[in-house]
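Visitor: Top line first, the protein sequences correspond to chains A and B. Start counting the first sequence at 1; every next residue gets the next number (the UniProt record's numbering). Start counting the second sequence at 1; every next residue gets the next number (the UniProt record's numbering).
In case anyone wonders, no lab produced these hints; they're calculated from the structure. Check the hints yourself; a few may be wrong.
Since the list can't tell identical chains apart, any single copy or any two copies may satisfy a pair.
SDA-like cross-link-like pairs, simulated, lysine to any residue; straight-line CA separation at most 25 Å [as the list claims (entries may be wrong)]: (1) K54 with S72; (2) K54 with E169; (3) K44 with P171; (4) K54 with L166; (5) K54 with A110; (6) K54 with G27; (7) K54 with G79; (8) K54 with Q99; (9) K44 with Q132; (10) K54 with T168; (11) K54 with R30; (12) K44 with L143; (13) K54 with G75; (14) K54 with V131; (15) K44 with P70; (16) K54 with L77; (17) K54 with R109; (18) K44 with R78; (19) K54 with H165; (20) K54 with D111.
Protein chains: 2
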Amino acid sequence: MARGRPREEGIDDAVREAVRALLTETGYQRCTIDAVAARAGVGKAAVYRRWRSKAELVFAAVVHPVELEPPSDTGSLRGDVAAVLTVIQSSLDSTELRQALPSLLADVRADPALETRFGEVFLGRERGYLVQMLDRAVARGELSRRPDPALVHAILLGPVLTWLHLFTETPPSGGLAASLASPLHAAVVALGA
Amino acid sequence: MARGRPREEGIDDAVREAVRALLTETGYQRCTIDAVAARAGVGKAAVYRRWRSKAELVFAAVVHPVELEPPSDTGSLRGDVAAVLTVIQSSLDSTELRQALPSLLADVRADPALETRFGEVFLGRERGYLVQMLDRAVARGELSRRPDPALVHAILLGPVLTWLHLFTETPPSGGLAASLASPLHAAVVALGA
């Protein structure tokens, strides 16, 4: 595609769009950094300056960027859990990702340095925001102590990931995040009681 | 390995052992049905009679067999949830599976017929036992109605799967299933209230 090079600030958007297009058209295996750079009309060096590996590039383009936005303070733990579940669902709910995630995880699993980097960059950011959410709930008196943030992370992320990427059913009519908000709020309250 | 053919009733054990050994020694890609049959000292036809694909063979050998045992009736929903979590944890907690699962899921995702079969054979059996657990809880008066079994499935399976196969931390000192039992029991109660 001849489109000329996007301006520096447009590179992220152009790359994200190229990744999504290539995942849909050719699948994860052939969505290489070379192919993404060519499709986006940017230099490979510009891609490597921002993302350290193909797996990181794809994750950042399709799930969430390294610079994750913090979830909003809704004023209650119940509202915060619902908001986090909505963010998790929208991050994970795409056909491209459903096709690509197992192969992406296989790449990560096969490379210990990449696995460590994913743990720090992606899971670490998510975890940091959950700690903020839990500390707000303790300050409001909704929890008597801060539960293990890793357990809370598994409890909020796990059911959404499992339904969207393992089950074949369509989500419940009210929406998956909305259906999980009350039970998983109850789970977090039980952990921090 | 020259060991002579195992008797018919020993084939399952010999195959399971061969799968685990090959996953550890060579990884998922090279753990083919041919290699498993040779390693187990059984004919390929015997393998294909029991399992329809490599992915099914590996899943049945490493996670749980097609003929899944029902979880015990412990007399309470709280006890039943704890027992199910223990079964899920022991099914998912192995180094072989941690290495192999992303590639196995990539195979399943790439083949719609295989995905349907996995949904019916493995997820379907699990789901059926959860329905029994929930109906017992309704009969005991612990739940006022049976919640959506797919949501309960996601809530019980998801956090264990996410911790063991996505996180890099070791599980909490008391054990993962034990740490999740109270919060996930609270979640199921909230769903069926």
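Visitor: Against this structure, judge whether each hint is valid.
Guide: Here is how each hint holds up against the structure:
no.	hint	in the structure
1	K54 with S72	neither (30 Å within a copy, 45 Å between copies)
2	K54 with E169	between (30 Å within a copy, 24 Å between copies)
3	K44 with P171	neither (39 Å within a copy, 39 Å between copies)
4	K54 with L166	both (23 Å within a copy, 18 Å between copies)
5	K54 with A110	both (13 Å within a copy, 20 Å between copies)
6	K54 with G27	both (13 Å within a copy, 22 Å between copies)
7	K54 with G79	neither (35 Å within a copy, 45 Å between copies)
8	K54 with Q99	both (16 Å within a copy, 20 Å between copies)
9	K44 with Q132	neither (37 Å within a copy, 55 Å between copies)
10	K54 with T168	between (27 Å within a copy, 20 Å between copies)
11	K54 with R30	both (11 Å within a copy, 24 Å between copies)
12	K44 with L143	neither (48 Å within a copy, 57 Å between copies)
13	K54 with G75	neither (38 Å within a copy, 50 Å between copies)
14	K54 with V131	neither (29 Å within a copy, 42 Å between copies)
15	K44 with P70	neither (30 Å within a copy, 54 Å between copies)
16	K54 with L77	neither (36 Å within a copy, 45 Å between copies)
17	K54 with R109	both (14 Å within a copy, 20 Å between copies)
18	K44 with R78	neither (44 Å within a copy, 55 Å between copies)
19	K54 with H165	both (21 Å within a copy, 20 Å between copies)
20	K54 with D111	both (12 Å within a copy, 24 Å between copies)
The structure is inconsistent with the numbered hints 1, 3, 7, 9, 12, 13, 14, 15, 16 and 18, although it conforms to all the rest.
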